[in-house]
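S.K.: Sequence:
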Amino acid sequence: MYTFDGRIRYSEVDRKRFLTVEKLIDYFQDCSSFQSEDLGVGLDYMERGKIAWVINYWQIRLFRRPRMGEGVRTGTQPYEFKGILGMRNFMMETQDGERLAVANSVWSLLDMTKMYPMRIPAELTEKYQTAPKLEMDYKPRKIAVPGEGGCPMEEIVVRNHHLDTNQHMNNAQYVHFAFMYMPADREAEELRVEYKKQAVLGDRIFPVLYRKDEKTLLVSMNGSDGKPYAVVETTFR
Numbered sequence: 000m001y002t003f004d005g006r007i008r009y010s011e012v013d014r015k016r017f018l019t020v021e022k023l024i025d026y027f028q029d030c031s032s033f034q035s036e037d038l039g040v041g042l043d044y045m046e047r048g049k050i051a052w053v054i055n056y057w058q059i060r061l062f063r064r065p066r067m068g069e070g071v072r073t074g075t076q077p078y079e080f081k082g083i084l085g086m087r088n089f090m091m092e093t094q095d096g097e098r099l100a101v102a103n104s105v106w107s108l109l110d111m112t113k114m115y116p117m118r119i120p121a122e123l124t125e126k127y128q129t130a131p132k133l134e135m136d137y138k139p140r141k142i143a144v145p146g147e148g149g150c151p152m153e154e155i156v157v158r159n160h161h162l163d164t165n166q167h168m169n170n171a172q173y174v175h176f177a178f179m180y181m182p183a184d185r186e187a188e189e190l191r192v193e194y195k196k197q198a199v200l201g202d203r204i205f206p207v208l209y210r211k212d213e214k215t216l217l218v219s220m221n222g223s224d225g226k227p228y229a230v231v232e233t234t235f236r
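Position 61 (the sequence shown) corresponds to 60 in numbering that gives the first Met the number 0; numbering is contiguous.
Read the hints as simulated data drawn from the structure, not as lab findings. Any given hint could be a false lead.
As the list claims (entries may be wrong) - Here are the simulated distance ranges between beta carbons: (1) Asp37 - Glu79: 18 to 28 Å; (2) Met111 - Lys15: 33 to 43 Å; (3) Asp163 - Thr124: 21 to 31 Å; (4) Gly39 - Asp163: 30 to 40 Å; (5) Pro182 - Lys138: 14 to 24 Å; (6) Glu213 - Asp37: 40 to 50 Å.
Said to hold, decoys possible - Capping the alpha-carbon separation at 27 Å, the derived lysine-lysine pairs in BS3-like fashion look like this: (7) Lys22 - Lys211; (8) Lys211 - Lys141; (9) Lys126 - Lys49; (10) Lys214 - Lys226; (11) Lys49 - Lys81; (12) Lys196 - Lys138; (13) Lys81 - Lys141; (14) Lys113 - Lys49; (15) Lys126 - Lys113; (16) Lys195 - Lys141; (17) Lys214 - Lys195; (18) Lys226 - Lys141; (19) Lys211 - Lys226; (20) Lys214 - Lys138; (21) Lys22 - Lys141; (22) Lys81 - Lys196; (23) Lys22 - Lys214; (24) Lys138 - Lys195; (25) Lys15 - Lys214; (26) Lys196 - Lys211.
All values reported here derive from a predicted model rather than from experimental measurement. Cβ coordinates follow ideal geometry from the N, Cα and C atoms, glycine included.
Build out the structure end to end from the sequences listed, making use of the hints.
M.R.: Below, the structure written as structure tokens:
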């Protein structure tokens, strides 16, 4: 497993000094980006080939959120490549080995010229060493949105600071906005996010909040056509 060590910064915590879920995702993304850079298939390689990794799905199980100043180790390993898809695990733990979070993710390789998923070439898959899947309760990738009972929330406009190097709104931003509507006094236990299409500069997003049950809230991040860019489901303890 590829790992890097870090320390939780003040800029990464909430009002109670715990790492936010959005920033946890940033740690995971940084970890896989560092691995790609170290293997010679990072951003420069992607730019030359006019290709990019885009995420389809997150499932994150949170055991404990670390506090400001706490030392952490973040790790990642791909466990399968299949056609246009790459499957990758992540984890975060303390320096003493206490597991803080574990995640599953599904990615597509995108041809940036055609803006269409492409089969992952052997040149890429051979760079990464796959490993057995981490132990966790793997959930389906598809997240069902209730047919009724949603509460429309304030419109979001995609600005420059929401974009990443692919010129799309970064996947962690959807989680950031979804958590604006989550109860501040409850602790998230699991997060699932299904990404359906990419939001770009100037797009307008119309979030709709649903309560699936006493422990689960869902935010459908819809476009003006009513179809979601992403669906964010959070289960609380």
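S.K.: Could you run down the list of hints and mark each one as holding or not?
M.R.: Evaluation of the provided hints:
no.: 1; hint: Asp37 - Glu79: 18 to 28 Å; in the structure: holds (21 Å)
no.: 2; hint: Met111 - Lys15: 33 to 43 Å; in the structure: holds (40 Å)
no.: 3; hint: Asp163 - Thr124: 21 to 31 Å; in the structure: holds (23 Å)
no.: 4; hint: Gly39 - Asp163: 30 to 40 Å; in the structure: violated (21 Å)
no.: 5; hint: Pro182 - Lys138: 14 to 24 Å; in the structure: holds (22 Å)
no.: 6; hint: Glu213 - Asp37: 40 to 50 Å; in the structure: holds (44 Å)
no.: 7; hint: Lys22 - Lys211; in the structure: holds (25 Å)
no.: 8; hint: Lys211 - Lys141; in the structure: holds (15 Å)
no.: 9; hint: Lys126 - Lys49; in the structure: holds (18 Å)
no.: 10; hint: Lys214 - Lys226; in the structure: holds (25 Å)
no.: 11; hint: Lys49 - Lys81; in the structure: holds (21 Å)
no.: 12; hint: Lys196 - Lys138; in the structure: holds (21 Å)
no.: 13; hint: Lys81 - Lys141; in the structure: holds (18 Å)
no.: 14; hint: Lys113 - Lys49; in the structure: holds (10 Å)
no.: 15; hint: Lys126 - Lys113; in the structure: holds (24 Å)
no.: 16; hint: Lys195 - Lys141; in the structure: holds (10 Å)
no.: 17; hint: Lys214 - Lys195; in the structure: holds (24 Å)
no.: 18; hint: Lys226 - Lys141; in the structure: holds (15 Å)
no.: 19; hint: Lys211 - Lys226; in the structure: holds (19 Å)
no.: 20; hint: Lys214 - Lys138; in the structure: holds (16 Å)
no.: 21; hint: Lys22 - Lys141; in the structure: holds (24 Å)
no.: 22; hint: Lys81 - Lys196; in the structure: holds (20 Å)
no.: 23; hint: Lys22 - Lys214; in the structure: holds (22 Å)
no.: 24; hint: Lys138 - Lys195; in the structure: holds (17 Å)
no.: 25; hint: Lys15 - Lys214; in the structure: holds (21 Å)
no.: 26; hint: Lys196 - Lys211; in the structure: holds (23 Å)
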